[in-house]
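Dock chain G against chain W, hints included.
Each protein sequence line maps, in turn, to chains W and G. Position 120 (the first sequence) corresponds to 120 in the working numbering; numbering is contiguous. Position 179 (the second sequence) corresponds to 179 in the working numbering; numbering is contiguous.
One or more hints might be untrue.
Calculated pairs, DSBU-like style, for lysine-lysine (alpha carbon to alpha carbon, straight line, at most 30 Å) [said to hold, decoys possible]:
| # | chain 1 | residue 1 | chain 2 | residue 2 |
| --- | --- | --- | --- | --- |
| 1 | W | Lys160 | G | Lys45 |
| 2 | G | Lys118 | G | Lys45 |
| 3 | W | Lys189 | W | Lys160 |
| 4 | G | Lys180 | G | Lys118 |
| 5 | G | Lys118 | W | Lys160 |
| 6 | G | Lys45 | G | Lys180 |
Which residues of chain W face chain G? A few of them, derived with a C-beta cut under 7 Å, are [said to hold, decoys possible]:
| # | residue |
| --- | --- |
| 7 | Lys160 |
| 8 | Ser250 |
| 9 | Gly254 |
| 10 | Ala258 |
| 11 | Arg259 |
| 12 | Arg261 |
| 13 | Ile264 |
| 14 | Glu266 |
| 15 | His269 |
| 16 | Leu278 |
| 17 | His279 |
| 18 | His280 |
Computed far set for chain G versus chain W, every beta-carbon distance over 10 Å [stated by the list, open to error]:
| # | residue |
| --- | --- |
| 19 | Thr10 |
| 20 | Ala13 |
| 21 | Arg46 |
| 22 | Ala57 |
| 23 | Asn99 |
| 24 | Ala107 |
| 25 | Arg115 |
| 26 | Ala163 |
| 27 | Pro187 |
| 28 | Ala191 |
| 29 | Leu211 |
Simulated from the structure, these hints should not be mistaken for lab results. Glycine is no exception: its CB is placed at the ideal position from the N, C-alpha and C atoms.
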Amino acid sequence: MLTFGSIALNWLEQEGANQLVELVLDHGVNHFDVAPTYGDAELKLGPKLRQYREDIFLGCKTQEREYEGAARKIDRSLNRLGIDTIDLYQIHGLEYEDELDTITADGGALDAIREAKAAGKVDHIGLTSHGNPGLILDAIDRIDDLETVMFPLNPVVAGKDGDEYDYEAVLERCEAEGIGTLGIKAFAKGSWPPTDELAEADRPYANWYEPVDTPEDIRERFDFAAARGLDTVVSPGDPKLVKMVLDAASRSAGMDEARQRALIEEARHDDSPVPEQLHH
Amino acid sequence: MSVNGDVPETVTAALADQRVEGRVCLEAGAGVGNTTAGLLAAGAKRVYAVTNDADHAATVRDRIGDRNADRLAVIEADLRATPLATDSVDLVAGHGLCNVLPPAELAPIAAELTRVAKPDGCLVVDDYAVPPADAAVNRLFALENAAARVVDGRPALTFYPPAVLAAVFAANGWSVERRKTLLNPVPWTEAHLDAHAEVVREYAAALPDSLGEPLTAMAEDLVAAIGSERTGTMYSLAFRRADG
Chain W
1 MLTFGSIALN WLEQEGANQL VELVLDHGVN HFDVAPTYGD AELKLGPKLR QYREDIFLGC
61 KTQEREYEGA ARKIDRSLNR LGIDTIDLYQ IHGLEYEDEL DTITADGGAL DAIREAKAAG
121 KVDHIGLTSH GNPGLILDAI DRIDDLETVM FPLNPVVAGK DGDEYDYEAV LERCEAEGIG
181 TLGIKAFAKG SWPPTDELAE ADRPYANWYE PVDTPEDIRE RFDFAAARGL DTVVSPGDPK
241 LVKMVLDAAS RSAGMDEARQ RALIEEARHD DSPVPEQLHH
Chain G
1 MSVNGDVPET VTAALADQRV EGRVCLEAGA GVGNTTAGLL AAGAKRVYAV TNDADHAATV
61 RDRIGDRNAD RLAVIEADLR ATPLATDSVD LVAGHGLCNV LPPAELAPIA AELTRVAKPD
121 GCLVVDDYAV PPADAAVNRL FALENAAARV VDGRPALTFY PPAVLAAVFA ANGWSVERRK
181 TLLNPVPWTE AHLDAHAEVV REYAAALPDS LGEPLTAMAE DLVAAIGSER TGTMYSLAFR
241 RADG
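The shape of chain W in the complex, shown without the other chains (with noise of 0.2 Å):
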């Protein structure tokens, strides 16, 4: 139900990241997500990840498009990571319809994926987005071999009506398909303010979204992210707040279709379109 979020792992020194790897695994959790992109996160799960590797299902991904950037980033990330196979590979980050284009031409990112599979450098293929919920489809129907998508899902997303914001049509058909879902920024709040307001450096989280930082949140959050059918729900960036969602995680009791409406609604009021009204 969970997957650990390994980006928590930069943040820390090697020590602190072994203990928390530790702390994860003792929670039960046994997938972790990870990318190149996320500073030292690839090296500093090296070490425990190596300890324990037939316990940990490891996700890892690439923001490269093309045969040549992707075939040197799969490498690259076995050698940092210190391991011979990838569990899962995603294509990272899919934003647009040009990109995927790309990937899946001849020469594109994708060829280097399935060789790297062909070649038992890799195990599964994926995709993460937070981009337009159709370019997804576009994606699960473009890519025979995908196997898992990784996408946003909170109540602020579930509540909006646009094609934009549909990824419960990503999840039924990954459902329809087999195909495994993973939710991102289940956590997020809103928005840093401003940076004149807040300075970057003035943070206090590393998540590149405010995140919702007490434990009834957190666990209201993984909840209502649990309940709408995703397979894994990912925990935020930042280790301050692993230990609380695992918390939650290990408490999730599921939650009933009117307490899933009950936080669409109040996410939806604090940001409506609509003039202020008496009801719901």
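Just chain G, lined up with the frame of chain W:
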């Protein structure tokens, strides 16, 4: 979907098990037109959005009317006597309507909605259960009712248990086919509390300053003190005509 703005999940959930596509629908008490938007998004053939509030009618026209001119009619009318033909509507929806109706208006409005509904028509009534006795929002609602009674001689808000609304419509030949909890808890956000304070302000404006100003100040203090609150439930009742 997005052409009508975001349709609240409460509306979507209430309509989810109703046949809307291709049907003639009525939103009784249109407010800002959330249910109208939901009915149109679900493929209604025609929607009558009926409200006795000119501002609400204008809001619905602005928000939804232009893009749906062929399917939407916004009608300013008293729900006790609408200009709609007898037996003309397939689906009647009242979402958050009854809590703004004083008890004396419930029966005539139920009778009128029954008159316009086709014999095999459906009715969906969504409303708030009575908030728990210890809910902080009760203090704001009580103030709102006090202001309304002084100015209009009627309450602004009445929360009816589902059994009461079931009985009112049962008296017109409707039987409850389905009951669903739409919200639990109900999130009374700052925006909602402000909207209720605004109602107090409007009543206060009709009173001498010596009475109106303290009422307004009390409402504002309450909004600040409550901030926001999650309490109570919102329910949905779906009816069918017993003889339909």
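inquiry  = Of all the hints numbered above, which does this structure not satisfy? Sort the numbers upward.
reply    = 5, 8, 9, 19, 20, 23, 27 and 28
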